[in-house]
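Number of protein chains: 2
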Amino acid sequence: MTVDMEIICVGNELLIGKILNTNAHWLGKQATNLGVNVKRITVVQDIVDETADVIREALRRKPQFIIITGGLGPTFDDKTLESIATALGRKLDVNQKALAMVKTKYEEYARKRQLPTTIELTPPRVKMATLPEETEPVNNPVGGAPGVRVDLEGTTLFALPGVPKEMEAIFAETIAPLLKQAVGDRVFCEKNMFLDDIMESNLAPLIVKVMSDNKGVYIKSHPRGTENKSHIEIHLTTAAKAEENPMEMLEKAARELAILVKENGGKTS
Amino acid sequence: MTVDMEIICVGNELLIGKILNTNAHWLGKQATNLGVNVKRITVVQDIVDETADVIREALRRKPQFIIITGGLGPTFDDKTLESIATALGRKLDVNQKALAMVKTKYEEYARKRQLPTTIELTPPRVKMATLPEETEPVNNPVGGAPGVRVDLEGTTLFALPGVPKEMEAIFAETIAPLLKQAVGDRVFCEKNMFLDDIMESNLAPLIVKVMSDNKGVYIKSHPRGTENKSHIEIHLTTAAKAEENPMEMLEKAARELAILVKENGGKTS
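Here the protein sequences line up with chains H and W, keeping their order. Read left to right, the first sequence gives residues 1117 to 1385 (this note's numbering). Read left to right, the second sequence gives residues 1117 to 1385 (this note's numbering).
No lab work stands behind these hints: they were computed from the structure. Treat each hint with caution, since some may be false.
The list treats identical chains as interchangeable, and a pair is accepted whether it falls inside one copy or across any two copies.
[Unchecked claim] Below 30 Å or equal to it, Euclidean Cα-Cα: the simulated DSBU-like pairs (lysine-lysine) are: (1) K1155 to K1145; (2) K1281 to K1378; (3) K1307 to K1331; (4) K1307 to K1281; (5) K1228 to K1296; (6) K1134 to K1145; (7) K1145 to K1281; (8) K1345 to K1219; (9) K1228 to K1378; (10) K1281 to K1155; (11) K1134 to K1155; (12) K1296 to K1134; (13) K1155 to K1213; (14) K1219 to K1207; (15) K1368 to K1228.
Just chain H, same shape as in the assembly (with noise of 0.2 Å):
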């Protein structure tokens, strides 16, 4: 049984190409990691319906996570919790465990400051606490606006902060225990191979055999050479239980192409 995630990127920054989408890279790759199955990333506008729309799309396919970045801040684009209001079909209300997890944050801001620690809860900020009724506010441990958890039926639905080093920090803090328990003792192993002399076209049936003669192993070729001289990265990677020795699966498959593109006139480099 896998654990399957989907990951949905908030921001019209994203789309324009002003900024080039690190979160999900990160993401995909811890949650890779830790045994899960990254089946897909939307990235969307900052628009209430579009992002409602991509919730519920996702809440249908009914991964066991969702991981929403962006959108959670004080900004009038901040728009996320009133997406996920709009999809759930739930009211935004204050929620007060999240107003005094942001009054403590602007506290620790003032004292770092030397400024006065009375801190006025303009509604930007109020905002940042104004949740979906039955959500649970989550811990930012670096920034101002709390991350939002939602359990809901076969999924959790987690919205963070688009911020990077903040995002990180709650997936660290919160998400990463409960994915690794979500996979139990599955592990993920990857190894990179290179290869010289023999084409992308050349080198396709050779990994069909080899996959078919190491079952749970998956290869992905990927041609990084120029025009007229090949150069194919190869990369193999498999989830499977410690005790059926996975990088051991690797290093056999690999052996086995190994041979097979030696016998069709390439190397390995």
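Could you slot chain W onto chain H? The hints should help.
The following block gives chain W in isolation, referenced to the frame of chain H:
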């Protein structure tokens, strides 16, 4: 009337955090600069049914353009053509025009490597020319796999290889001129500014005011500082006709925001 586009990226390597999705970033930037409204990016696994679902869902939203990247190569895990066929309910068939393109390309390779130019059309090579019925191969100026164009009711769909320089070359040669034509005389403009000594939560209402006084200008704030020192990047964008002076629209909005920020104890830097 905006010209809407969706981008679909096929490939496990993007979901497991092996590769940063620079293709979506590059395409989003190019299309935005041409005045196109990039609505959504979806990243999906190399699984025919999953990718076909994503294509069907995107078609249902009726964007004028859909660009798919990845999965056009010769190996077993290149499944985009099969996915398009499944999504559209069309058969796959060897396309003679595409086959001639593939053959020419491999003859060129052979010539450059001073090998015999009698090219064997192996199954993996024929695979790259096996297109869904009623689709058009698109010239790939730098690689072996042709792109594919499908004209549907209200939507033109392109499938491009995932290798960045091939994707970029096909986009520049075939897609950019088409987008330019669809967009007409609208241009996209952007401007950045940086603010210090003001917290994002205090800045929020100021941005709302400037946006409401400057219709058509979109302003987004990105916190770039540390916990103790706020430093905020402001990104102003607009898509407008050249005669509306879009750059002057942005300059005016930026000046007004700078004044409000100053009145509230912050400064531009």
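Quick rundown of the hints versus the structure:
1. K1155 to K1145: both (12 Å within a copy, 25 Å between copies)
2. K1281 to K1378: between (46 Å within a copy, 29 Å between copies)
3. K1307 to K1331: Close inside one copy (16 Å), not across copies (53 Å); limit 30 Å.
4. K1307 to K1281: both (28 Å within a copy, 26 Å between copies)
5. K1228 to K1296: neither (35 Å within a copy, 51 Å between copies)
6. K1134 to K1145: Both: 22 Å inside a copy, 7 Å across copies.
7. K1145 to K1281: both (15 Å within a copy, 25 Å between copies)
8. K1345 to K1219: Cα proximity of K1345 and K1219: across copies only (18 Å, versus 60 Å in one copy).
9. K1228 to K1378: Cα proximity of K1228 and K1378: across copies only (23 Å, versus 63 Å in one copy).
10. K1281 to K1155: Both, since 24 Å and 26 Å are each at most 30 Å.
11. K1134 to K1155: both (25 Å within a copy, 14 Å between copies)
12. K1296 to K1134: between (33 Å within a copy, 20 Å between copies)
13. K1155 to K1213: For K1155 and K1213, neither the intra-copy (33 Å) nor the inter-copy (35 Å) Cα distance is at most 30 Å.
14. K1219 to K1207: Within. Shortest intra-copy distance 23 Å satisfies the 30 Å Cα cut-off; inter-copy 61 Å does not.
15. K1368 to K1228: neither (56 Å within a copy, 36 Å between copies)
In the structure shown, a violation is registered for the earlier hints numbered 5, 13 and 15, in ascending order.
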